[in-house]
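Visitor: All chains, full assembly: derive it from the sequences and hints.
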Amino acid sequence: MKRIYVNEKWCLGCHLCEYYCAFANSGQQDMIKALKDIQINPRIRIEEQNGISFAVSCRHCEEPLCVKGCITGALTMHEGVIVVDQSKCVGCYTCILSCPYGAIMPAEEGVIQKCELCMENSGSPACVTGCPNQAIIYEEREYV
Amino acid sequence: MNYVIIGNSTAAIGCIEGIRQVDPQGPITVITNEKYHTYSRPLISYLLYGKTDEERMKYRPDNFYQKNHCQLLTGKTVEQIRCKEREVVLSDGQTLPYDKLLVATGSSPVIPPIEGLGSVSRKYTFMSLDDAKELEQNLLPESRVLIMGAGLIGLKCAEGIAHRVGHITVVDMAERILPNILDEASAGLVQEHLEQQGIEFILGSSVVKYAENQAELQNGQKIFFDILVVAVGVKPNTKLISAAGGNVRRGIVTDMSCETSLTDIYAAGDCAESMDITTGEHRILALLPNAYMQGECAGLNMAGGYKNYNQAMPMNSTGLFGLHIITAGNYEGQAYVVQGDKTYKKLITKDGLLKGYILIGEVARAGIYTSLIKEQKPLEKIDFNLIKDKPQLMAFSKRDRQKMLGGAAG
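Residue numbers (this note's numbering), protein chains in the order written: chain U, 1 to 144; chain S, 1 to 410.
What the hints contain is simulated information worked out from the structure, not anything from laboratory work. Be aware that a few hints might be false.
[Claimed, not checked] Among chain U residues calculated to face chain S with C-beta under 10 Å, some are: (1) R3; (2) N7; (3) E48; (4) F54; (5) A55; (6) V56; (7) G69; (8) I71; (9) D85; (10) C95.
We put the beta carbon where it would ideally sit given N, CA and C, even for glycine.
Guide: What follows is the structure, given as structure tokens:
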């Protein structure tokens, strides 16, 4: 299965991935309209310190602790992609307690959100397309 | 292989999904004394709160049993396990043969034998969907509710019904609320938050006598109520196993494969003990994620796969009136505490490892802490000062990070 991989050596810390993510998941057509004057709440997040930076988003684990621990059944795995049914989620945050990468975060309205690889958006991750330095890539690899 | 599962909640579903990873076809019969499609038990408070409904409470989709070739028998109770004959006996006399059996019977509410309790006509427990429906039918805007027990069940119940009743009083023998998962300072903070929602607490006290609409406390104080909710604790349903001659301590004793002392009989969920990796002790960890993973592990082994269940530890995540609480591990060791207005963080370390934590209010990325505990990551291998400030992958070595995030090809 294709996954997102991050190479921190190439990350510029420009945060563009966060903006592309927020836009892709906004459901809007125009990036300026979608993002102007709002505090974005992207599903990919940059960590940065002392010149090091890298993006963190869902790893789509083969043994997903978030899915197994989900108290409602809102988190499921579909063909390797971990997705959330926000209508079932009650915002207990057991997934936030479980995720070793800290890749699941609160959304608006008391539920959670996570990277779904833009499967419902363009079908290909917007963070990857938008990264100007190929620090985030999307590819099929042998699982190590 | 013919599988029988007693119970239809989290551990049972985990078991079915475990079995089907190895054996796609062997018939599975699921027996439940309830009348429902599998539903999420912890959601009953959210149901009363109005945040979910019966449809969305379904723990798996409508076609789940069909898709997994399971037969669901609802409204049936298993009376006996006959190990020699490899069959279970139902209350209607029917017998069902098994090759592998899972006991996922859960737990039942404890009703303390207090004088006069029998004379209280409107008393409820809060464990099942039927409990919630029964309670709901009797809620009135002016109801005075007395909740016995300031544990998670009692407090989630309080949250669920607070907007639909007149007044709620919570009584607990313990000196603080959520005594199993919080320390004194954090319990105080959460209690204050709940009091701001109008909930009244009487702690360090218990009811010595009940009358129809009244409870008398140790100190003679009388509380008048219309509705009583008993949430003082639960006891594991272990009778089937002990009657069949299996090992039972407080809960059903299982080995690392989740098998009981009886051959081909497994147990998982709130009725079974598991090994707490933070202490090495065997105990009941009545938590939904634990039930799923124990059930899944049992299922994998029942179907001929191989898996050890060695990941169990106490962990809880919940919210009460918008205040989030996440806790994990155990709290013996050196504490690092940061307290704010409506936030609290306590990290407990011992022997160079993170052993437990309490987070209130600010809970973002808590799983990074959980993982440090679970993986028993030596803290000298990470930047602990950084991660103490907040959970982040920056605190790990570049190498660790490359493993976690994949690194890019070339």
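Visitor: All the hints need checking, so say for each whether the structure fits it.
Guide: Tested hints:
Restraint check, R3 (chain U) versus chain S: the minimum CB separation of about 7 Å is within 10 Å; hint holds. The beta carbon of N7 (chain U) is positioned within 10 Å of a beta carbon in chain S (closest approach about 3 Å), and the interface hint is therefore held. A cut of 10 Å between beta carbons decides the hint on E48 (chain U): the least distance to chain S is about 8 Å, and the hint holds. Annotation: F54 (chain U) was flagged as interfacial toward chain S, and the flag holds, the nearest CB pair being 6 Å apart, inside 10 Å.
Given the 10 Å rule on beta carbons, the hint for A55 (chain U) holds: about 8 Å separates it from the nearest Cβ of chain S. Using the Cβ-Cβ criterion of 10 Å, the hint placing V56 (chain U) at the interface with chain S is satisfied: the shortest such distance is roughly 6 Å. Residue-level restraint check for G69 (chain U) holds (minimum Cβ-Cβ distance to chain S is 3 Å; threshold 10 Å). Nearest Cβ of chain S to the Cβ of I71 (chain U): about 5 Å, under the 10 Å cut. The hint holds.
For the restraint placing D85 (chain U) at the interface with chain S, the shortest Cβ-Cβ distance is roughly 9 Å, inside the 10 Å limit, so the hint holds. Interface restraint check for C95 (chain U): the shortest CB-CB distance to chain S comes to about 8 Å, inside 10 Å, so the restraint holds.
In terms of the numbered hints stated before, the structure departs from none.
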